[in-house]
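Asker: In order, the protein sequences belong to chains A and B. Each residue of the first sequence is one higher than the one before, counting from 1 in the numbering used here. Each residue of the second sequence is one higher than the one before, counting from 271 in the numbering used here.
Where chain B lies over chain A, by a calculated footprint (3+ residues, C-beta under 8 Å):
(1) 48–61
(2) 183–197
With a cut-off of at most 27 Å between alpha-carbon atoms, the simulated DSSO-like pairs for lysine-lysine come out as follows:
(3) A:K230 <-> B:K311
(4) B:K319 <-> B:K306
(5) B:K306 <-> A:K230
Treat the hints as calculated values from the structure; they're not laboratory data. We put the CB at the ideal spot given by N, CA and C, even for glycine.
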Amino acid sequence: MMMGLCRYMGLTYFFTKKAVKGMLTYRWSFLINCISQALDYSVTFLLMWIMISAFEDMNGWNAYEVMLLYAFSLFAYGIAGTFFFNIMNLLPGQILKGTFDDVLIKPVKVLPYLISSSFICNYIAHMTLSVIVMAVCFKALQIQVTLCLLWRVAGILLFGSLIYGGLFLIVSGSAFLVAKIDSLFQIMYFFREVSYYPISIFPRIIQVIVTTLVPYGFVNYYPLRELLGKEDSVVFRQAAVLSPLAAVLFFTVSCLLFHQSSKCYKSSGS
Amino acid sequence: MRLCRKILAISFKEKSIFRFDYIVGTVFAFLYIVLKVYLWKGLYGAGGKAIGGITLNSMIVYSIIAGFTEGITKTTVMKDLNDSVLDGTISANMLLPIGLKRYMFIQSVTRNLFRTLYGMLPSVASAMLVFGFHVNVNLVNLFLYLSSVCMGVIINFLYNFLFGSSVIWLRNSFFLSNINSVLLSLFSGAFVPVWFFPEGLKELSRFLPFRYIVFEPAAIFVNAKSPQEAMAVLGMQLIWIGLLFGAVTLVWNRGRHKIMIQGG
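All chains, full assembly: derive it from the sequences and hints.
Answerer: So this is what it looks like as structure tokens:
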């Protein structure tokens, strides 16, 4: 177990070095890409702020609190995307063309290898922007940034990224079973959009879905509801304490699902 | 016109092959409308009192109509120009027995017409059925809205073509096109109408063409404007079309001799 872990850590280090070197080769193109992404997201933050400030609050959450929700979600998405996005991006093509064989004949386990080799740097933009927004929001909400708070924030982000990672895995794993994964992709991104806002404003059915099937609620809403001491009525009131457990459970289940679906792989091509 | 019909027919054939994609696309287009409606409901709260003279009901109608208007006025001409210069296909398009500007305009309009008829109408119609559509639509308003949308289409096309031409000098206008899409999503009012903007931004939006693409037509539709104000909007749109058309003609006539065609 320990040996295996060390081995894949080594691989991760190796592939990360490679990715960073690749990024540095085209550093202007990389920088422009990052700035574009950050601009895109900052406009969404700005629109959110404009919209909610005009109304004072959204079901008891003021503009800065809703922006915090978004920032947490974005940061967790960034962490997960760094390691998992490329799996989802590349795997369907590899399966269709049959080049996934390359992975299978390597003396490694499939999933750990994929995770350690899929590092990309692009999400640094998401994370930087979310940290800036978080700082602004904490200041505006007059929340004292203590060491204890930072630990809690780190915990929320870590478990949140597990949920995002699990979703990435489920979507990419389904590529083994069906040829086009676009609709699952759509589901993932639609509910991501839902989770940017306090989910208590949505009908019960959506609240249940984002707590159970696509558990985005545990990424930002439930933990922050407790952190900020909100009292808005939602179907699962005490879900905050369950967040870490839910995240670990969800991630484990998605790994198993991925593993099972990868057994359905049939090579095509020559 | 014949060209339009041809492109429309081809698009229909293309789309009917991927039926499942179409259904999924429509369902999610509908769900995104639902999402927006619940956002506004959440903002207005249980009291539902009018904010800035806008009631929850007109806000819901506004966001449905704005989504629809955004769909019609959308254009990818900036990206198309960029790509076709990068891979050299622009040379083939420039040899067509029809001006490149006109060709791209027809292509862009037909695509949008198709997408609107085929893709958006079902989701918009079902949203209207589900959430009710309490607005008195009279013929004058409808006419004003439609003419305003037509001008919005032209404004957005000309604007994008103008800045898309920068590829001739810059070699790659990716970054510029991104900045433009950011400005458009901020000032067009497709998501958050200009009513709710803080004063500074509202003032700034008056000097930019973006609000005349989605916000003003949709605002005319929900009766937020008197006929005089609506006429003023149409006038402003005409002025923008004139300005942009002049600029496009100037830039294009200078630039088209300089296009460097790579590959091909």
